[in-house]
Structure formats: structure tokens, C-alpha cells
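Sequences listed follow chains A and B, in order.
Counting with this note's numbering, you get residues 247 to 659 for the letters of the first sequence.
Counting with this note's numbering, you get residues 5 to 215 for the letters of the second sequence.
Among the hints, erroneous ones may be present.
[As the list claims (entries may be wrong)] The list that follows gives simulated cross-link-like pairs (lysine-lysine, BS3-like), each with its CA atoms no further than 25 angstroms apart:
| no. | chain 1 | residue 1 | chain 2 | residue 2 |
| --- | --- | --- | --- | --- |
| 1 | B | K195 | A | K395 |
| 2 | B | K18 | B | K56 |
| 3 | A | K446 | B | K98 |
| 4 | A | K425 | B | K18 |
| 5 | B | K200 | A | K462 |
| 6 | A | K363 | B | K123 |
| 7 | B | K195 | A | K504 |
| 8 | A | K504 | B | K197 |
| 9 | A | K570 | A | K551 |
| 10 | B | K126 | A | K446 |
| 11 | B | K132 | B | K107 |
| 12 | B | K205 | A | K570 |
| 13 | A | K504 | B | K123 |
| 14 | A | K273 | A | K570 |
| 15 | A | K491 | B | K195 |
| 16 | B | K123 | A | K425 |
| 17 | A | K462 | B | K197 |
| 18 | A | K491 | B | K98 |
| 19 | A | K425 | B | K126 |
| 20 | B | K6 | A | K364 |
| 21 | A | K468 | B | K197 |
| 22 | B | K195 | A | K570 |
| 23 | B | K6 | A | K504 |
| 24 | B | K195 | A | K462 |
| 25 | A | K563 | B | K195 |
| 26 | B | K205 | B | K18 |
| 27 | A | K446 | B | K132 |
| 28 | B | K6 | A | K462 |
| 29 | A | K468 | B | K195 |
| 30 | A | K468 | B | K200 |
| 31 | B | K205 | A | K462 |
[What the hints assert, rightly or not] Here chain A is said to cover these stretches of chain B; the calculated rule only asks that three of the stretch's residues, wherever they fall, bring their Cβ under 8 angstroms from a Cβ of chain A:
| no. | region |
| --- | --- |
| 32 | 33-42 |
| 33 | 88-100 |
| 34 | 147-155 |
FYI, nobody ran anything at the bench for these hints, they're computed from the structure.
Fair warning: this is a prediction, and the values are worked out from it, not measured in the lab.
All C-beta atoms, glycine included, are put in the ideal place defined by N, C-alpha and C.
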Amino acid sequence: MLTNYTIEGFENIQYQGYEALFYIQSKLRNLYKLYGYHQISTPTFEMYDLYAAEESIVSDDLFKLVNHQGKVLTLKPDATLPITRMAAINHKDPREIIKFSYLTNLYRNFSSPEIIKKEETQMGVEYFGNNNPECDGEVIEIAINSLLKCGITDVHIDLGHVGFINHLLNSLNFCDRLKGELFQLIENKNIGDIAEFLEKNLVDKKIGHIILRLPKLYGEPKEIFEEMLSMCINSEMEEVVQTLKSVYRHLEEIGLGKYISFDIGFTNAMNYYSDIIFKGYIDNWGEPVLNGGRYNHLSEKFGIKRPAVGFSVDILKMMDYMDKNALLPEDNRSKTAILYDCDSKVHAYKLADNLRTKGESTELFILKVDPIAFINSQSHNELYKHTRFFLMEKNHLKVYNGKDFIEIKEEML
Amino acid sequence: MKIRFALAKGRVAKKAITLFHELGYVFPDYSEKSRKLIFTDTTQSIAFFLVKSPDVPVYVATGAADIGIVGRDVLLEHPADVYELLNLNIGRCKMCVAGIKNKSLPPGKKLIIGTKYPKIAKDYFCQKDQPVDIIEINGSVELAPLLGLCDLIVDIVESGATLKENGLEVLEEISSISSRLIVNKVSLKTKTKAIKPIIGKFDAQQSFPER
Numbered sequence: 247m248l249t250n251y252t253i254e255g256f257e258n259i260q261y262q263g264y265e266a267l268f269y270i271q272s273k274l275r276n277l278y279k280l281y282g283y284h285q286i287s288t289p290t291f292e293m294y295d296l297y298a299a300e301e302s303i304v305s306d307d308l309f310k311l312v313n314h315q316g317k318v319l320t321l322k323p324d325a326t327l328p329i330t331r332m333a334a335i336n337h338k339d340p341r342e343i344i345k346f347s348y349l350t351n352l353y354r355n356f357s358s359p360e361i362i363k364k365e366e367t368q369m370g371v372e373y374f375g376n377n378n379p380e381c382d383g384e385v386i387e388i389a390i391n392s393l394l395k396c397g398i399t400d401v402h403i404d405l406g407h408v409g410f411i412n413h414l415l416n417s418l419n420f421c422d423r424l425k426g427e428l429f430q431l432i433e434n435k436n437i438g439d440i441a442e443f444l445e446k447n448l449v450d451k452k453i454g455h456i457i458l459r460l461p462k463l464y465g466e467p468k469e470i471f472e473e474m475l476s477m478c479i480n481s482e483m484e485e486v487v488q489t490l491k492s493v494y495r496h497l498e499e500i501g502l503g504k505y506i507s508f509d510i511g512f513t514n515a516m517n518y519y520s521d522i523i524f525k526g527y528i529d530n531w532g533e534p535v536l537n538g539g540r541y542n543h544l545s546e547k548f549g550i551k552r553p554a555v556g557f558s559v560d561i562l563k564m565m566d567y568m569d570k571n572a573l574l575p576e577d578n579r580s581k582t583a584i585l586y587d588c589d590s591k592v593h594a595y596k597l598a599d600n601l602r603t604k605g606e607s608t609e610l611f612i613l614k615v616d617p618i619a620f621i622n623s624q625s626h627n628e629l630y631k632h633t634r635f636f637l638m639e640k641n642h643l644k645v646y647n648g649k650d651f652i653e654i655k656e657e658m659l
Numbered sequence: 005m006k007i008r009f010a011l012a013k014g015r016v017a018k019k020a021i022t023l024f025h026e027l028g029y030v031f032p033d034y035s036e037k038s039r040k041l042i043f044t045d046t047t048q049s050i051a052f053f054l055v056k057s058p059d060v061p062v063y064v065a066t067g068a069a070d071i072g073i074v075g076r077d078v079l080l081e082h083p084a085d086v087y088e089l090l091n092l093n094i095g096r097c098k099m100c101v102a103g104i105k106n107k108s109l110p111p112g113k114k115l116i117i118g119t120k121y122p123k124i125a126k127d128y129f130c131q132k133d134q135p136v137d138i139i140e141i142n143g144s145v146e147l148a149p150l151l152g153l154c155d156l157i158v159d160i161v162e163s164g165a166t167l168k169e170n171g172l173e174v175l176e177e178i179s180s181i182s183s184r185l186i187v188n189k190v191s192l193k194t195k196t197k198a199i200k201p202i203i204g205k206f207d208a209q210q211s212f213p214e215r
């Protein structure tokens, strides 16, 4: 009896898909290199404690395993944490500028909903040691270009800042549970329930009124700035507005302003983010394809004070989008297969070598059956759909024309 | 740019369609008996389709629909990554725990709960540290305790008439329920210009009277 070994949430990548994935990877690798980023890689396993202490990811969502020493390990659920640690170990001087890029698979054991993939492939960059708005701008610029360079044009970047909400809520002295609950409501723009929540928890009327305006704080940057300024209750919040202003002004100056909109009401699941955060959307695609932000305090956990900003793009989602919108190049390179008999082995191998040197994909098959029977046996095989078949019999070369083999001069190939 | 609505079949859809008319949208193809699946208004600016209520958050979360109208009970039972933008205050009722009238239950004992909403029931009793076994039932939940299938039920209660007629009573209220306008997280950003005025109209009509 055949057993079904498919695991929910994981999938194979077919050869057509892999070709597409490789296309995206090489475009992005090249892009990141041109901006001066060095590609690195970190282990697939991480210590469970690293993530448990960070509280960014619910520990139920981690794939855990125990090694031979009894230590609890986890499949890497996030790229930023290990890369920050790597930068901290190898670069002790906090003033050093470090630019890393990566390509990695990530694993999250999401309990629901069922359609979410548990294995993701991400590419991205991390920029350490620079706290200027221009540095935030560079990372956003690369994020936008990651999509543009692959032919995706309807790009939207949603820019926010975790500080605005945090500095507002700090004045309320909520416990973590209540804060989490309120964040969730703001994140889902659930205005009706926010009002109920504020009433239940006796939030000061003035602050409550400002909180209720947060979910509507999205759209055109210029309108949002005015709105934000009128909501500030302390100098920290005013600083946040200034930071966002300077990042936006920079992006506008380098001609990327049209891609940017604001949403001050979004929080991010990863609570290591300390300043700006952003998400990237494509028109008519129901979910974000990229996200990122600044995390200025994460490196302190590894002993070095070092500001940092980065982003990652989900390249499997990109692949799905590009496939649906016919943005992927078709693989129509010609392929060759040579069938040879025992007498012609040396000659056939030489010919194949010549063709491969010219860049032609060439396969060799020794003849055990009638050549036409062999070709017919592969006629339904998608992998040999665009293949030219040659026959090398007694050192004479023939080409298959769909029916028969006809003589052909080797020089004509 | 056309905005697509997913509506939960039944009372909520009827109210929503009445609301569309009041907002000035005309759907020439629509009648209650129509076999068509998608209806577009004369200005080509909105289209709606009717689906089973638990499917509404699915259509909206994946972006197949931009906006959905569905009861909060469904959102609590099938959480989805969407914006729960407006409380429309229609289809108001309460999620309750109910049981046979005047029947006392031994404290601390494990209870058997019959419900259409296993997740809501589990979350509620889990938070109270009350041990329970949950049995999922798909209709006429009031029948289950009468036949001894379960001790208590968790269900939505509107007037309480069905409970009363069958000798049941509400024991605890879990939360209040009403219809919500939910929006896909990306659509709200990429189609802001088309969606904002529609939401604005719904918002202005928010407290429209129950019919």
C-alpha cells in the first residue's frame, strides 16, 4: 500500500518554479551587490533560548528539537536575529559600517490558518552602524527596487513608526497583557472595539480620543504629518514626526516619493523594531510581500551598541505573483539529445562536448532499443518537450524530423 | 477600479443590500431569486457576491474580496488577518452560555458543552479554568441539553424566545455580537481612493435602524 508522506504547510518546488526562483534570486543578488551588500549565511538551527528570550515570536510557533546534549534547538524562524549576532561577533567596533545580504529559508509552525506555508524563502539586507534618515532611505530604496527590477511595477510601501504609539501608550501604564490587547485592536483598525476597550479600562478621555484617531492615520504622507502633529502629547512623539518627515523628504528628493504612503496605526509582530517600520504591497495581491524596519537596540543583547535597519522580501510570494502576471521569462533555450550506438561512442562524446562548449544543453543516450521507439517513449515527457533528437549510427549523424531520421552534416550544427 | 464585497448569506446580506440602495447604488440584475453569483452596480464601481458566512473572512483575507460584511461571531470563531473597520450595529445579539432552567451543576466537575462555535467555547472556558469537553453540533443546538447530549450550550441569543420555549435559560454572557465591515489589509492601502468614500458612507449610516 502506498503511504501519503505529504506534510501540511510544506511543498515541493517544480523544475519550472525553480527556474523562476533562480531568476528572481540572481536579479536580487546582483542588485544587493551593486549597493555594496555582502551575502552571508547563518545556520538552519538556532538555540531555542535566543528566541524564547526575545518574545518576538510566540514559542508555540517554533519548530523545536532536542540535540544529543539535551539542548533545545529551533529551526530558524527569522533572519535578523542571527545576522545581528553574527555582526556583533565578527565586528567589535560599533562604528564600523556593515552591510549584509542573505537568502534563507525560514520555518514557523503556524497553528492557523491552514493555508499559511510553514517554510518561507526570504531574501533581504541588513545595514548596521548608521542611524541617518538617508540610511533608512537606502534600505527602502533597495526594497522598492527589489520589486521593480523583476518587472513588478505596482509597488506600494506603507511606512510607519512604532514610537508614535509606544510613546502615547507609555503614559497609560498598562500591563503587557492589556497593551497587547490594545495593540491588536489598533493593528486591526477595530475602532468599535477600541472605544469599548477604552471605556472598560477607564482611559483618560483626552488620550482615549487620540488613540481612537490612530487607526485612521493612513494615506498621503503630507496630510498625515499635519494630523500627527495635532496628536502629539509629548516631545518624544514630536521627534517621531520629525524622523518620519526627514525619511520621507529624502525619498521624495531621490524620486521615490510616489511609492510611499503612511500608516501610523500598524504595529509589527517583531517587537525588536524600535523606529521606522514598513511593509511592501503589490496591487491586487492580497498580502504584503516585503517588510522591514529599524532595530537600534537588538545588537545590545549581543554586547555591542549598534544601530541597524533592514528588510526582507518573500521570494516565493513574488514568484507566485510574477507567474500569475506573466512576468517570468520563458525558458525556450533549445536542447539537444544524441542517441548513439556502441561503435560511435567516441565520436558522439566529442560532438556533445563541442555543443556544450557553445552553450547548448546536450544529453547522451546509448541505444538499447529502436531509436524511434525511444523517442516515442519520451514524447509525453514535459522535460523533453523542446528537445532536438540526433542519431549517431556507425559514425554517421542523422536528425529526427518528427517521423524519420535524415542525414545531416555535423558542420551545420 | 471596482470594489468587491463579500456578503454573508441571510439576514445580514438583505440588510446590506438595502443599505446599498439607500447609499444610491443600483443593481439591475439583482433579485432574491436570481441565479447569478456576482452583481455589479450601474456605475461599475462596486460588485457584491453572496457566500456562507464563515467564508466571508476567507475571501477578504486572501484579497478575493476587498470588503466583507459578516457577524462578529464568525470572526471570533474563524480569526482572519483583516481590518475590522466598522461596527455596523446590525444583526445585534449576544454569545451566551445557556442550560436547562433551574438545574444546578456540581461545581468543579467537567462539563460537556454543545456548540456551533467550538473555538469560542474553548477559549471562554479555558480562560475560566473550567474543564470542559466540547461537542460540535451544526444546528438546533437547543436540542442537545434536552436529550442529555451535553450539560450546557454556547450559542448566539437574539430574543431568547427559542431558549424559553424549550425550558432553557441564559447563564452567562460571553460577548456582544453585531455585524462588522471588514477590509482586506492591502486593498485599504492600494485602493484607498475608491474604498475610503464607500467606508465613509457606511460610517455615516452606521446607526441605521434595525428593520
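Now the hints, each set against the structure:
For the given pair, K195 of chain B sits about 23 angstroms from K395 of chain A by alpha-carbon distance, which is consistent with the 25 angstroms threshold. Proximity of K18 of chain B to K56 of chain B is assessed by CA-CA distance (about 14 angstroms); at most 25 angstroms being required, the pair is judged to hold. Our distance criterion of 25 angstroms between C-alpha atoms is met by K446 of chain A and K98 of chain B, whose separation comes to about 18 angstroms. A hinted pair counts as satisfied when its Cα atoms are at most 25 angstroms apart, and K425 of chain A with K18 of chain B does not qualify at roughly 38 angstroms.
Of the supplied pair hints, the one linking K200 of chain B and K462 of chain A holds, its CA atoms being roughly 10 angstroms apart against a limit of 25 angstroms. Of the supplied pair hints, the one linking K363 of chain A and K123 of chain B holds, its CA atoms being roughly 22 angstroms apart against a limit of 25 angstroms. Taking the CA atoms of K195 of chain B and K504 of chain A, the gap is near 15 angstroms; set against the 25 angstroms cutoff, the hint holds. Among the hinted pairs, K504 of chain A with K197 of chain B is consistent with the structure: their alpha-carbon atoms are about 15 angstroms apart, no more than 25 angstroms.
At roughly 44 angstroms between alpha-carbon atoms, K570 of chain A and K551 of chain A are farther apart than 25 angstroms, so this suggested pair is violated. At most 25 angstroms may separate the alpha-carbon atoms for a hinted pair to count; K126 of chain B and K446 of chain A meet this at roughly 24 angstroms. Taken as a hint, the K132 of chain B and K107 of chain B pair is honoured in the structure, with Cα atoms around 21 angstroms apart against an allowance of 25 angstroms. For the hint linking K205 of chain B to K570 of chain A, the alpha-carbon distance of about 34 angstroms lies beyond 25 angstroms, and the restraint is violated.
A C-alpha spacing of about 43 angstroms is found between K504 of chain A and K123 of chain B, which places the hinted pair above 25 angstroms, so the restraint is violated. For the hint linking K273 of chain A to K570 of chain A, the alpha-carbon distance of about 19 angstroms falls within 25 angstroms, and the restraint holds. For the hint linking K491 of chain A to K195 of chain B, the alpha-carbon distance of about 24 angstroms falls within 25 angstroms, and the restraint holds. Simply put, K123 of chain B and K425 of chain A have alpha-carbon atoms about 23 angstroms apart, close enough for the 25 angstroms limit, and the pair holds.
A hinted pair counts as satisfied when its Cα atoms are at most 25 angstroms apart, and K462 of chain A with K197 of chain B qualifies at roughly 14 angstroms. With a C-alpha separation of about 46 angstroms, the suggested pairing of K491 of chain A with K98 of chain B is violated against the 25 angstroms cut-off. Note on K425 of chain A and K126 of chain B: the hinted pairing holds, with a Cα-Cα distance of about 23 angstroms set against a maximum of 25 angstroms. With a C-alpha separation of about 33 angstroms, the suggested pairing of K6 of chain B with K364 of chain A is violated against the 25 angstroms cut-off.
Restraint check for K468 of chain A and K197 of chain B: the C-alpha separation of about 16 angstroms stays at or below 25 angstroms, so the hint holds. Between K195 of chain B and K570 of chain A the CA atoms are separated by roughly 20 angstroms; this keeps the pair inside 25 angstroms, and the hint holds. For the hint linking K6 of chain B to K504 of chain A, the alpha-carbon distance of about 22 angstroms falls within 25 angstroms, and the restraint holds. Proposed proximity of K195 of chain B and K462 of chain A is supported: the alpha carbons are some 15 angstroms apart, at most 25 angstroms.
The hinted pair formed by K563 of chain A and K195 of chain B meets the criterion: a straight-line CA distance of about 20 angstroms does not exceed 25 angstroms. Distance check on the hinted pair: K205 of chain B and K18 of chain B sit about 18 angstroms apart at the alpha-carbon level, within 25 angstroms; holds. Between K446 of chain A and K132 of chain B the CA atoms are separated by roughly 19 angstroms; this keeps the pair inside 25 angstroms, and the hint holds. Of the supplied pair hints, the one linking K6 of chain B and K462 of chain A holds, its CA atoms being roughly 22 angstroms apart against a limit of 25 angstroms.
The suggested pairing of K468 of chain A with K195 of chain B holds, with an alpha-carbon distance near 18 angstroms, which does not exceed 25 angstroms. For the proposed pair K468 of chain A and K200 of chain B, the alpha carbon gap of about 17 angstroms is at most 25 angstroms, so the pair holds. Annotation: proposed proximity of K205 of chain B to K462 of chain A holds, straight-line Cα distance about 15 angstroms (limit 25 angstroms). Residues of the region 33-42 of chain B with a Cβ under 8 angstroms from some Cβ of chain A number 0, which does not satisfy the need for three, so the listed coverage is violated.
Judged by the Cβ-Cβ criterion of 8 angstroms, the region 88-100 of chain B is covered by chain A as claimed, because 4 of its residues qualify and three suffice. Residue count for the region 147-155 of chain B with a Cβ under 8 angstroms from a Cβ of chain A: 0. That is fewer than the three needed, and the coverage hint is violated.
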